[in-house]
Amino acid sequence: MSTQVRTPLGEFWRRFKRKRLPLAAGVVLAVMVLAALLAPWIAPFDPAAPDYDNVLAGPSWLHWAGTDVFGRDILSRIIWGGRVSLSVGFISVFLGGFAGVVLGIVSGFFGGWADTAVMRLCDVLLAFPGILLAIAVVAVLGPGIDNVIYAIAVFSMPVFARLVRGSTLGLKQTVYVQAARSIGVSRYKLMLVHILPGTLPVVIVYISLRVGTSILTAASLSFIGLGAQPPSPEWGAMLSDARSYLGVADHLIWFPGATILLTVLAFNVLGDGLRDALDQKLRT
Amino acid sequence: MLAFIIRRLIGAVPVLVAVSIFVFAFVHLLPGDPARLVAGPEASAADVAAMRTEMGLDGSLVSQYLHYAGQTLRGELGRSSKTRQPVASEIGVRFMPTLWLTVTAMVWAVALGLVMGVVSGVRRGQWVDRLSMVLAISGISTPGFLLGLLLIQMFSVWLGWLPTGGYGTWQHFVLPSFTLGTAVAAVLARFVRSSYIEVAGEDYVRTARAKGVPEQTVVWTHTLRNALIPVITATGLQFGFLLGGAIVVETVFAWPGLGRLLIDSVSYRDYPVIQAEIMLFSTEFLLINLIVDLLYAAVNPEIRLK
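One line per chain: the protein sequences are A and B, in this order.
Here the first sequence is numbered in the numbering used here, starting from 1 and rising by one per residue.
Here the second sequence is numbered in the numbering used here, starting from 1001 and rising by one per residue.
Chain A on its own, in the form it takes in the complex (with noise of 0.2 Å):
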């Protein structure tokens, strides 16, 4: 009998599924990824119908999570909302780990004026919290969600730059890469075959710790205002409608509430658990 090879992948996922709370949190972001993609067939409402006899109905057989201030059926809104509020979350953190990637390759890569010129911008960029910068894109760009999306991707990229340039200042030096220089290999297959996969690791881990931080950020920007615009059952916009019914209609703030913290603590844990098996590799 052959012993079993254990690759880096493997020894990752056997150190991940130990613990299961982190498991337990990607199971929940299944689900809700699920619902949000299934939205047309498993929401029982038109997210948008309203109902005016039914208006700011407390939960019941009918309306499992009430009806607000239209009528319209909470449950239904936020599994549709789910679709908002996740892909700017995903798509967001996606743009900004592309960007940060390139640049932290690039500027890992090649080094000098461009490395100093990155690093700088990305320090500028640091130095501010989140939710600052994302407001000061908006101003530029004005309100709305897509400009959202630019926004969280701007603060997500200096993140990635420099996690990514860490790493390959690191694999640049590895035997691997130098014996590919050394017989010729172009400097962008370079970068692109022989030092990019060595980096997804560690970006796949923060990924998916930025996007609970994104779709937070993303839900404080259309809270204020400056994100979705109604009628999108976007979560954070959903809450900012139920302030003006505070103690009329608390089903309001509890149903949106519950999502929006039980999905950024699932990313939050997700991510954690991730890290921690990821470490312990790089430790080992």
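Hints listed in this document are in silico derivations from the structure and should not be mistaken for laboratory results.
Backbone N, C-alpha and C fix where the C-beta goes; we use that ideal spot for every residue, glycine too.
Do not rely on the hints blindly, as some may be mistaken.
[Stated by the list, open to error] So the derived list for chain A, only partly shown, Cβ under 10 Å to chain B, looks like this:
#1 Met119
#2 Arg120
#3 Gly236
#4 Leu239
[What the hints assert, rightly or not] Restraint-style ranges between C-beta atoms, simulated for each label pair:
#5 A:Val248 with B:Ser1138: 44 to 54 Å
#6 A:Leu192 with B:Leu1029: 32 to 42 Å
#7 A:Leu192 with B:Ser1194: 34 to 44 Å
#8 A:Val55 with B:Trp1158: 20 to 30 Å
#9 A:Leu200 with B:Ala1018: 25 to 35 Å
#10 A:Trp41 with B:Thr1233: 44 to 54 Å
Starting from the known structure of chain A, fit chain B onto it as the hints suggest.
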């Protein structure tokens, strides 16, 4: 130390210049006449013409920028296109409420974060540690606006103990500063814990224990003192982030501060106020970062000499 301070002060200048170029540029990057944008939608043609002269728009871009930078340095920030009041006085009125909000939030957040972090670190793996880490990650994951709404629901609507918003007495401070400080307390608790655990694994701590130093001295003198050095930086950075978080919290609690002013001016496209606020916030962050660096250098000579 003086040389270090001077070096850091000079280092902050290019960043401020970069920010001011961004702030200057963004009015020019927007489609439309910058003078019209700054003067506001209700300004008359004569007002716009006057604004054009005031902004020095007839000169080259470089001279326009120098003109803008000179005015900003003299504190001439123009007039709000919404209220027609000088921007400097608009901001001046709102400065103290925001400052007090962030300071009160910071005080309790640092106190709680330190206690939670140290207790977790010392009692690593025990129920106290688990509980405070669950609280911490929940605190990090709760958006400020959600926490604010929940607190209003509980303490204002149900119990009727505290006002739902506004500014004035100490009761007005309780909910907003608790809301604002929560995330910071949570981040600090996690940071202090991991810093403590890291230091507790150092050789000199083991040596101290081995040679029979009382456990209390090991915890307080050997471990805690060293573990808290990086906490200074983390705390300072969090202070900057509080100013950002204040924007959301001020909206929830109708707090008459800088954050609300910024949101209102973005919605209204009140460019003179937006420009001034971004400039002010940036300066504050740089200043805080600078103070943090100096404090850090004061406790850690290694940094100073690099």
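We went through each hint and held it up to the structure:
1. Met119: violated, 13 Å
2. Arg120: holds, 8 Å
3. Gly236: With a minimum Cβ separation of about 7 Å from chain B (threshold 10 Å), the hint on glycine 236 of chain A holds.
4. Leu239: Constraint on leucine 239 of chain A satisfied, holds at 6 Å.
5. A:Val248 with B:Ser1138: 44 to 54 Å: violated, 27 Å
6. A:Leu192 with B:Leu1029: 32 to 42 Å: Once the Cβ atoms are compared, 33 Å apart, the range 32 to 42 Å for leucine 1029 of chain B and leucine 192 of chain A holds.
7. A:Leu192 with B:Ser1194: 34 to 44 Å: holds, 36 Å
8. A:Val55 with B:Trp1158: 20 to 30 Å: At 23 Å between Cβs, range holds.
9. A:Leu200 with B:Ala1018: 25 to 35 Å: Holds - the Cβ-Cβ distance for leucine 200 of chain A and alanine 1018 of chain B, about 32 Å, lies within 25 to 35 Å.
10. A:Trp41 with B:Thr1233: 44 to 54 Å: About 50 Å separates the Cβ atoms of tryptophan 41 of chain A and threonine 1233 of chain B, which means 44 to 54 Å holds.
In terms of the numbered hints stated before, the structure departs from hints 1 and 5, listed from lowest to highest.
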